[in-house]
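Going down the list, the sequences are from chains L and S.
Everything in the first sequence is counted per numbering that gives the first Met the number 0, starting at 0 for the first residue and increasing by one.
Everything in the second sequence is counted per numbering that gives the first Met the number 0, starting at 0 for the first residue and increasing by one.
Since the hints were made in silico from the structure, they are not lab data.
There could be a bad hint or two in this list.
[What the hints assert, rightly or not] No more than 30 Å apart at the CA atoms, straight line, and that leaves these computed lysine-lysine pairs for DSSO-like:
(1) L:K6 - S:K34
(2) S:K244 - S:K159
(3) S:K66 - S:K110
(4) S:K66 - L:K29
(5) L:K29 - S:K34
(6) L:K57 - S:K244
(7) S:K110 - S:K34
(8) L:K6 - S:K244
(9) L:K122 - L:K255
(10) S:K141 - S:K110
(11) L:K214 - L:K57
(12) S:K2 - L:K57
(13) L:K26 - S:K2
(14) L:K9 - S:K29
(15) L:K8 - S:K33
(16) S:K29 - L:K6
(17) S:K110 - S:K159
(18) L:K6 - S:K33
(19) S:K33 - L:K43
(20) S:K33 - L:K26
[To be verified] Computed footprint of chain L on chain S, listed as stretches where at least three residues anywhere in the stretch have a Cβ under 8 Å from a Cβ of chain L:
(21) 34-48
(22) 94-107
(23) 178-187
(24) 221-232
In this text the structure is predicted, and so the values were computed from the model without any measurement.
Quick reminder that beta carbons are idealized off the backbone N, C-alpha and C, glycines included.
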Amino acid sequence: MDETKRKVKKRLRNLQSLPTLPPVVTKLTKLLGDDNTTALQLAKVIEKDQVLTGKVLKMVNSAFYGFPRRISTVSNAIVLLGFNVIRTLVITASIFEMMQSEDLSLWEHSLGVAAAAGLLATKLEIPNPEEVTTAGLLHDLGKVVIRAEFPEYQRQIASLIKEEELYTREAESRVLGLDHGEIGRLLTNQWNLPERLIEPIAYHHEVEKARRFKKETAVVHFADIIIRAWGYGSGGDPWVPPLADKAWKLLRLKEKDLEELMPQLDDRLLDLRFFTMEMQGGGLDQNPPSQS
Amino acid sequence: MTKILLLSRNPRTSTWVEALQGAGFSVETKEDPKKMASEVLERLPDLLILEKSLAPELIADLIFALKENLNLAFLPILLILRETSDFEDELPIDDFFFESANGDEVAARVKLAFARTCRIADNNPLTGLPGNTSILKAIQQKIDSEEEVAFCYVDLDNFKPFNDRYGFARGDEILRLVARLLSNSVQFHAGHRGFVGHVGGDDFVFICPLESVEQICQEIIDSFDRLVPHFLDEEDLERGYFIAKDRRGQIQRFPFPSISIAVVPNYPGKFKHYGEVASVAAQVKKLVKQQPGSAYFIDRRRGPYQVSG
Chain L
0 MDETKRKVKK
10 RLRNLQSLPT
20 LPPVVTKLTK
30 LLGDDNTTAL
40 QLAKVIEKDQ
50 VLTGKVLKMV
60 NSAFYGFPRR
70 ISTVSNAIVL
80 LGFNVIRTLV
90 ITASIFEMMQ
100 SEDLSLWEHS
110 LGVAAAAGLL
120 ATKLEIPNPE
130 EVTTAGLLHD
140 LGKVVIRAEF
150 PEYQRQIASL
160 IKEEELYTRE
170 AESRVLGLDH
180 GEIGRLLTNQ
190 WNLPERLIEP
200 IAYHHEVEKA
210 RRFKKETAVV
220 HFADIIIRAW
230 GYGSGGDPWV
240 PPLADKAWKL
250 LRLKEKDLEE
260 LMPQLDDRLL
270 DLRFFTMEMQ
280 GGGLDQNPPS
290 QS
Chain S
0 MTKILLLSRN
10 PRTSTWVEAL
20 QGAGFSVETK
30 EDPKKMASEV
40 LERLPDLLIL
50 EKSLAPELIA
60 DLIFALKENL
70 NLAFLPILLI
80 LRETSDFEDE
90 LPIDDFFFES
100 ANGDEVAARV
110 KLAFARTCRI
120 ADNNPLTGLP
130 GNTSILKAIQ
140 QKIDSEEEVA
150 FCYVDLDNFK
160 PFNDRYGFAR
170 GDEILRLVAR
180 LLSNSVQFHA
190 GHRGFVGHVG
200 GDDFVFICPL
210 ESVEQICQEI
220 IDSFDRLVPH
230 FLDEEDLERG
240 YFIAKDRRGQ
250 IQRFPFPSIS
260 IAVVPNYPGK
270 FKHYGEVASV
280 AAQVKKLVKQ
290 QPGSAYFIDR
300 RRGPYQVSG
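Model the full structure from these sequences, guided by the hints.
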């Protein structure tokens with residue numbers, strides 16, 4: 000297993016680019032073809048894809064572009080990188096050659112967690128709730144890495160989950176020697192992303208490990224659980240992860256808060272459902288995934 | 000070692016690579032334009048050689064993104080062309096050679112391209128933006144052509160105490176931030192009709208068409224104010240100010256850095272010489288500086304420049 004872990008870590012260091020979902024790229028290409036498209040419109044779509052969001056943030060935080068560990072939202076990144084750079088980045092994005100239903104449901108899950116995390120952050124008056132939204136979107140980036148880079152291990156993980164009724168992260172640790180949180184941490188750290196994004200991504204299942212951004216981490220942890228319980232999208236296993244005591248204490252949410260939040264989340268998720276359906280409809284017409 | 004990235008499917012590629020390696024360069028060859036472009040953005044080489052016909056649009060996009068958005072004017076780009084008619088003068092490239100070129104020629108052209116970029120000493124090393132000589136030239140050219148443009152003089156408020164409190168490395172980040180905001184905004188709204196230069200320190204100049212100046216100034220101010228907190232420490236953000244020494248060495252509270260823009264419109268016949276623009280800008284700057292926080296101020300006087308008494 001140590002051998003596997005070393006192999007995974009090595010592959011992470013040399014990771015070139017992760018694939019994006021075809022419908023997102025189709026939608027962006029359409030926007031880029033229109034001369035009237037604004038940076039804000041582009042940001043709105045990019046923000047709905049964890050891989051592109053990761054790519055944009057990686058670029059703006061890289062040593063070369065000059066703002067290491069500073070920028071944590073897509074809209075700020077676009078202002079700094081400029082339209083032409085974003086354009087080139089989208090055009091050169093690699094796409095999933097075969098889009099599977101699991102990939103789509105992980106995408107929906109991530110969008111749902113982003114929405115819930117944003118609402119919670121606003122409710123709890125955390126400064127810059129937009130950043131917590133981004134952390135929510137990226138929290139399962141490690142799972143995308145496993146699926147895209149290690150399909151053979153992904154199959155083993157999936158069957159372990161099924162046969163032994165394990166949580167995804169338990170199965171990941173057994174097969175790879177590390178879980179998607181750790182993979183997310185290694186990757187986003189290598190990308191120079193700000194600590195306020197790294198901690199919630201790394202520790203969304205282990206809130207007690209967060210040091211500087213405990214509250215943000217607790218928010219993403221709780222948002223993950225809400226969305227899993229809601230049944231919006233899928234994180235790869237059918238079980239809702241346990242709620243950490245520590246997180247619940249950090250958040251200090253009252254029943255009344257939750258009563259107010261739930262209808263808002265319901266609205267937000269409905270909007271997202273329309274968005275993902277539109278994207279899938281539009282994307283699949285023009286870019287049919289190869290069927291097996 | 001100097002790294003060259005070569006995009007080519009030309010049968011002569013291997014002889015070019017050999018000659019370049021012989022001249023002491025490290026060469027990486029790519030055949031897929033898309034992969035090449037995404038890699039360039041992630042890991043910049045020192046020089047790019049691109050076979051344009053492999054993906055004309057993508058390559059044009061990439062060249063503009065590098066040279067204009069990211070101020071990488073110093074990154075030499077050479078194109079491989081089929082024939083003279085493939086040449087387009089609007090592409091900001093440094094040189095080209097033909098598919099039939101032999102290894103020696105390619106190596107010579109690459110060496111020349113590096114030598115040439117060393118000679119462009121005018122560009123600011125921190126931001127890559129054109130410096131004083133180019134700025135004065137650009138202003139004089141607009142005066143002579145009597146274009147209705149706005150000359151905009153940008154500087155930061157409380158930048159010196161910021162440097163004192165946070166150190167020069169952080170100060171440099173702020174200057175790069177300003178450079179990016181100016182370039183991107185001017186490029187987006189004015190395209191080739193715009194110009195951005197870096198005088199030095201926290202002084203910048205940009206030129207844009209008069210009709211879009213208010214929109215551009217407002218956008219720059221909004222972006223700057225939104226981004227600057229990311230460059231401050233948590234404790235200062237909570238307090239709402241930072242503590243540093245003032246000019247006389249006294250410890251004092253300072254508001255966070257903000258951006259001031261003095262706008263001097265150019266009307267036909269208003270100015271004869273760039274020196275006149277600078278002196279009007281100095282007057283306008285005093286007015287902008289009186290306002291707290293980020294602001295811009297436009298000089299609305301239309302008449303010809305007069306020496307003020």
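Right, here's what the structure says about each hint:
{"no.": "1", "hint": "L:K6 - S:K34", "verdict": "24 Å, holds"}
{"no.": "2", "hint": "S:K244 - S:K159", "verdict": "9 Å, holds"}
{"no.": "3", "hint": "S:K66 - S:K110", "verdict": "20 Å, holds"}
{"no.": "4", "hint": "S:K66 - L:K29", "verdict": "25 Å, holds"}
{"no.": "5", "hint": "L:K29 - S:K34", "verdict": "21 Å, holds"}
{"no.": "6", "hint": "L:K57 - S:K244", "verdict": "36 Å, violated"}
{"no.": "7", "hint": "S:K110 - S:K34", "verdict": "26 Å, holds"}
{"no.": "8", "hint": "L:K6 - S:K244", "verdict": "52 Å, violated"}
{"no.": "9", "hint": "L:K122 - L:K255", "verdict": "12 Å, holds"}
{"no.": "10", "hint": "S:K141 - S:K110", "verdict": "35 Å, violated"}
{"no.": "11", "hint": "L:K214 - L:K57", "verdict": "24 Å, holds"}
{"no.": "12", "hint": "S:K2 - L:K57", "verdict": "22 Å, holds"}
{"no.": "13", "hint": "L:K26 - S:K2", "verdict": "36 Å, violated"}
{"no.": "14", "hint": "L:K9 - S:K29", "verdict": "23 Å, holds"}
{"no.": "15", "hint": "L:K8 - S:K33", "verdict": "26 Å, holds"}
{"no.": "16", "hint": "S:K29 - L:K6", "verdict": "26 Å, holds"}
{"no.": "17", "hint": "S:K110 - S:K159", "verdict": "41 Å, violated"}
{"no.": "18", "hint": "L:K6 - S:K33", "verdict": "27 Å, holds"}
{"no.": "19", "hint": "S:K33 - L:K43", "verdict": "24 Å, holds"}
{"no.": "20", "hint": "S:K33 - L:K26", "verdict": "19 Å, holds"}
{"no.": "21", "hint": "34-48", "verdict": "holds (count 7)"}
{"no.": "22", "hint": "94-107", "verdict": "violated (count 0)"}
{"no.": "23", "hint": "178-187", "verdict": "holds (count 6)"}
{"no.": "24", "hint": "221-232", "verdict": "holds (count 5)"}
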